[in-house]
Amino acid sequence: MSCRKYERLIVYYLGNELKEPEAERLEEHIKACEDCRKSLAEYRSILAETKELRAPAYGEEFWTARLNEVKKHMPQRKQRALLKPVILSASALAVIAVLAVKIFGPGESMIARPPIKNQYAVVLNELPYPEDTLLKMVDYIDDESAEKLLNIILENNLMSAHIR
Amino acid sequence: MNVGHGGGEHLQQMNKKTTEFDEYYRLFAQKLYGVAFKMVSNQQDALDIVQESFIRAYQNWAKFRGDSAVSTWLYKITLNLSYDFLKKRGRANILPVEKDFEDRRVVPNDRRIMDSDRMEKIKKEIDNLTPKQKSIFILKSYDELTYREIARIMNSRIGTIKATYFQVIQKIRKNVSDKEVGKNVLQEI
Chain W
1 MSCRKYERLI VYYLGNELKE PEAERLEEHI KACEDCRKSL AEYRSILAET KELRAPAYGE
61 EFWTARLNEV KKHMPQRKQR ALLKPVILSA SALAVIAVLA VKIFGPGESM IARPPIKNQY
121 AVVLNELPYP EDTLLKMVDY IDDESAEKLL NIILENNLMS AHIR
Chain L
1 MNVGHGGGEH LQQMNKKTTE FDEYYRLFAQ KLYGVAFKMV SNQQDALDIV QESFIRAYQN
61 WAKFRGDSAV STWLYKITLN LSYDFLKKRG RANILPVEKD FEDRRVVPND RRIMDSDRME
121 KIKKEIDNLT PKQKSIFILK SYDELTYREI ARIMNSRIGT IKATYFQVIQ KIRKNVSDKE
181 VGKNVLQEI
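As given, the protein sequences belong to chains W and L, one line each in that order. The first sequence begins at 1 in this note's numbering and counts up by one. The second sequence begins at 1 in this note's numbering and counts up by one.
Some hints here could point you the wrong way.
Stated by the list, open to error - A few chain L residues that face chain W, going by a derived Cβ cut-off under 8 Å, partial list only: (1) D22; (2) G34; (3) V176.
What the hints assert, rightly or not - Derived CB-CB ranges, DEER-like: (4) Q59/L to C3/W: 49 to 55 Å; (5) T130/L to F62/W: 28 to 34 Å; (6) Q170/L to Y58/W: 29 to 35 Å; (7) D84/L to F62/W: 23 to 29 Å; (8) H29/W to N60/L: 46 to 52 Å; (9) E28/W to R26/L: 40 to 46 Å.
It should be emphasised that the hints constitute simulated quantities derived from the structure, not laboratory data. Everything numeric in this text was worked out from a predicted model, so none of it was measured. Ideal Cβ placement from N, Cα and C applies to all residues, glycine included.
Between the sequences and the hints, there should be enough to build the whole structure, so can you do that?
Here it is as structure tokens:
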């Protein structure tokens, strides 16, 4: 085997990844070969030096505080996951519309009703989500979406008759 | 509120999940921070990556139980987030601001200058690696994982990981030693 091939084995040897017969063969060769001895010493030194480069360490208290922060993030993310389909999905809007029609009934003047966003709040209260989640949902719905929803409500007057 | 048998079981499962999660956090947070820090060379960004890794891990905890070792999966998430971060930073053309590796050595003053010069070269060589080369190098040299474990984390073959690791170490040795030889020759002249 040429010294070039031993160079590769030296690196694996230093990483404790050589099986015994190969490791023994390498050790025998190194005893007899000055170039490979030098090579082994250099690789050992490089690997030891790279290991000295460590990220600044933090204590247990720091990581406990970080863990608590991770936990704080979790419910918020879960809520976002709940909000997304409600805001984006047309079927969810339809459900809200049906509920709204059920509550307000057909034929009632839209002008006499409370502002659009408050209507949403009333409608959303019928949905099985906690109050704080619902309030966030209302915040998420912009005026344009509110108008779209009202149109759906108006278009579904027939549906309200069906529900009743 | 009606908490029947099912509700109690659910609560027990939640508690079990939280306890397991806490244990893994304590075992791996510092390690993953080390990986992320060496990948992105910035303390705050590395901490953010670790935080995001654990949030994602918690959200998908049930999916991964039993599929593979949790450690493999945690390393995978951290590396993927580091790659994403490096891509974004590359697009924004921002250079890492800090590279405050901790140098743990206590050496005499006269040796310190020479050694720190050599360490700078090694750091530069590591920085110049591709993200994949860097990952393999970090997982092998610092975290002392086996080639098999690294192959699992990186969805690659053991042979590829072994060959890449060798190329990386060989390159670092060659460039650091060559520069030193060049410098010695200049000093002699």
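A quick look at each hint next to the structure:
The restraint placing D22/L at the interface with chain W holds, with a minimum CB-CB distance near 7 Å, inside the 8 Å limit. Below 8 Å, beta-carbon pairs count as interface contacts, and G34/L has one with chain W at about 5 Å; its hint therefore holds. For the restraint placing V176/L at the interface with chain W, the shortest Cβ-Cβ distance is roughly 7 Å, inside the 8 Å limit, so the hint holds. In this structure, Q59/L and C3/W meet the distance hint of 49 to 55 Å, their C-beta atoms being roughly 52 Å apart.
Evaluation of the 28 to 34 Å hint for T130/L and F62/W yields a pass: the beta carbon distance comes to about 32 Å. Distance hint check: the CB atoms of Q170/L and Y58/W are about 34 Å apart, consistent with the given range 29 to 35 Å. Our hint of 23 to 29 Å for D84/L and F62/W holds, since their Cβ atoms are close to 25 Å apart. Checked against the hint of 46 to 52 Å, the pair H29/W and N60/L passes, with Cβ atoms roughly 49 Å apart.
With their beta carbons about 45 Å apart, E28/W and R26/L fall inside the hinted range of 40 to 46 Å.
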